[in-house]
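> Residues per chain are reported as follows:
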Amino acid sequence: MLLTIEPDGTVPIYLQIRDRIVEAIAGGRQPAGSPLPSTRQLAVDLGVNFHTVNKSYDLLRQEGLLRISRKTGTVVQRDAHSGPPDPGWAEDWTGRLRTLLAEAAAQGLPAEDIVRHCRDALADFAFPAGASS
Amino acid sequence: MTPATLIAVLYVPMTGVLICLSPAISRPTLQFGVRIPGDRAAMPVVRDERRTFYRRTAAVASCCTIAALLVARRGSTWAVQVILVAELLADLGCFGLARNKIAAAKQAGGWFAGRRQVVTADTSWRTSPARFPVRWLTPAVAVIAATVLIEVLRHPSLPPGHPAARSSFTRYGPVIGQLYVTVLWTGLLLIIYRSRPDVDAADPALSARQYRRFLVVMARTMLTLVALIDLSVLLSALRRWQIGHFPGAVAVLPVAAGLVILSVVTVRAGQGGSRLSGGRRPGPAAVADRDDDRDDDRFWKAGLFYVNRDDPAIMVGRRFGVGWTFNFGNRLAWLVLGVIAGGLAGLLILHAVLGPL
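Protein chains in written order, with the numbering used here: chain V, 1 to 133; chain U, 134 to 490.
Just so you know, the hints here were simulated from the structure itself, not pulled from any lab data.
We treat Cβ as the ideally placed atom computed from N, Cα and C, and that holds for glycine.
Be aware that one or more of the hints could be misleading.
To be verified - Output of the computed footprint for chain V on chain U, the stretches with three or more beta carbons under 8 angstroms from beta carbons of chain V:
(1) 249-256
(2) 266-276
(3) 441-451
Modelling step: build the complete structure from the supplied sequences, incorporating the hints.
Set out below in structure tokens:
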């Protein structure tokens with residue numbers, strides 16, 4: 001997986017790392033069970049502080065997407081093929097989605113354009129066969 | 134001419150040629166230690182400074198080589214070494230002039246203004262790491278073993294009072310030297326294997342593939358050079374132990390061959406393997422609408438020394454030329470440098486005790 005961040009961008013680096021890993025899992029490039037570098041190794045490769053990567057991994061662990069153990073290292077815990085999410089997760093996500101869509105509406109993007117952008121984004125993700133419809 | 138003088142003479146033209154060629158084997162986005170966007174590599178100021186640098190450094194290399202040959206004929210090793218230092222300083226001056234011009238043009242033109250500057254990591258580099266070529270250590274280990282064996286067999290028959298038989302310290306001097314070189318370079322290569330690869334934002338997948346090949350090629354070449362250095366030490370030891378009766382120049386031949394091989398491989402590979410094949414190579418037009426590498430000039434002092442306290446890397450790819458350098462903002466890097474300097478100081482003491490090999 002190629003993980004690209006903007007170190008001098010406006011989004012905090014730990015959130016960028018977290019977002020890129022979530023996108024890689026959704027896109028099928030980092031399936032469930034696949035390994036990720038240790039926090040120190042990824043910090044070296046991105047040239048950022050070790051604590052920054054640690055914060056990203058910890059966030060992903062809390063979201064149930066990563067499993068971190070001394071024995072197996074850092075491994076992707078789940079992906080689109082791992083079944084439905086935990087109860088209650090969808091409510092929280094819907095709240096964040098509503099804010100994101102509200103930003104587009106507030107900026108004057110027509111509803112059909114918003115839907116088209118959503119479809120384009122979904123086209124990049126690896127859903128289980130028959131689930132994308 | 135002593136072996137030490139011959140090596141010093143050889144270094145002068147080789148250093149000159151390698152420095153002269155450095156801009157040609159650097160990445161297009163790194164010009165004289167200045168990070169520039171890919172589509173600015175063909176700017177007139179960049180082209181002009183490269184041409185001027187070629188002319189200046191070629192003149193420096195020619196003059197210094199002639200001067201080194203003249204003083205070497207009188208057998209003065211230290212004078213050749215002074216010429217080598219003078220050559221390096223003159224080349225550094227040429228580098229500084231070119232760097233200042235390009236940095237000023239970049240600043241004045243706002244070359245990075247409004248561009249998306251990124252850093253890319255290839256996670257497969259860690260999850261499927263390149264394997265260290267352990268087998269390529271075999272020649273060096275074999276030469277060291279042969280040196281120990283010959284010394285053990287020869288020692289009882291050395292004439293009384295022979296300098297090499299004074300103590301066990303002087304007795305195993307050549308082996309200690311061989312071990313220092315072999316352990317030092319193996320250790321550095323292991324650190325380099327754990328360092329981050331040079332991933333180019335314009336085409337991360339291609340540059341990651343090139344870097345994998347580059348690392349393997351450079352590690353094999355360096356381990357070959359180490360074996361050849363050990364062989365030169367063995368040949369010098371044979372003369373010292375009065376086993377072989379051959380001119381001192383013969384002992385230098387393996388090192389000379391190793392340096393030539395390293396130079397050829399370096400030029401062919403390019404910075405971070407950028408000249409190695411790895412599929413499609415994007416041209417300036419192709420990268421114009423892509424991401425740019427992060428403008429990290431502030432971490433490179435004088436365009437040569439990397440100082441970044443927030444970066445946990447001990448070693449990183451060199452900014453000018455081919456190879457690696459230390460992150461001087463990292464305490465572990467200073468520890469490694471201390472160990473290298475300590476070993477070198479020990480060797481110099483050994484050299485002073487044993488006399489010239």
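> Please go over all the hints and tell whether each is borne out by the structure.
Verification of the hints:
1. 249-256: holds (count 8)
2. 266-276: violated (count 0)
3. 441-451: Held - the segment 441-451 of chain U has 5 residues with a Cβ nearer than 8 angstroms to chain V, which meets the minimum of three.
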